[in-house]
Amino acid sequence: DAGVIQSPRHEVTEMGQEVTLRCKPISGHDYLFWYRQTMMRGLELLIYFNNNVPIDDSGMPEDRFSAKMPNASFSTLKIQPSEPRDSAVYFCASSPTSGNQPQHFGDGTRLSIL
Amino acid sequence: DAKTTQPNSMESNEEEPVHLPCNHSTISGTDYIHWYRQLPSQGPEYVIHGLTSNVNNRMASLAIAEDRKSSTLILHRATLRDAAVYYCILAFSGNTPLVFGKGTRLSVIA
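Respectively, the protein sequence lines represent chains A and B.
Heads up: the first sequence runs through residues 747 to 860, numbered per our numbering.
Heads up: the second sequence runs through residues 3 to 112, numbered per our numbering.
It is possible that part of the hints are untrue.
[What the hints assert, rightly or not] Below 20 Å or equal to it, Euclidean Cα-Cα: the simulated EDC-like pairs (lysine to aspartate or glutamate) are:
# : chain 1 : residue 1 : chain 2 : residue 2
1 : B       : Lys104    : B       : Glu17
2 : B       : Lys104    : A       : Glu790
3 : A       : Lys770    : B       : Glu13
4 : A       : Lys824    : A       : Asp809
5 : B       : Lys5      : A       : Glu790
Honestly, the hints are just simulated from the structure, not real lab data.
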């Protein structure tokens, strides 16, 4: 079975540029989560969706960050404009609605803003 | 959010059992105890979860104290591949956003 697929795996760009991170959840999973990992703050939730609807975006750092889920098989996290402090590893995870099932994580996108 | 307390690091010899402790004295009645681990350069990976009874799966065992204020993840025979950061997390379900602490960094010595 294909797991959660994230792209790109690595992204290096200059400050001020727009960055778009992509995630394909596991088919049939109704929940999708975006997390960010930094050395200083560890792993923290940015936003999560249920049935393509954002449920909680209180973890989104500021207006420069936006996330969408146009359909059940695709989500994007966009940063515009990007800043060096946005450098981190961004993880996407998905989980099904039924039962107390765990979250499945992708391998992450390592983002470096110069 | 209910918090968990774990040792920063632990070390084990290969092929030996490993007991990773977690304290969660403020756990609520509906909180499940979840364990995830993160291998180097990978996303977190689910290990096991439980509510009140001890649980076993192919990866590990979870021993939960009777008062549920602490739990222990047991790796029966540590391998080099088990070297990772192990996170103990309280959550109502897998659909609940996970709150990660610092976890326990497990080193396995050959």
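Which hints, by number, does the structure contradict? Going through the list in order, the structure violates hints 1 and 3 and respects the others.
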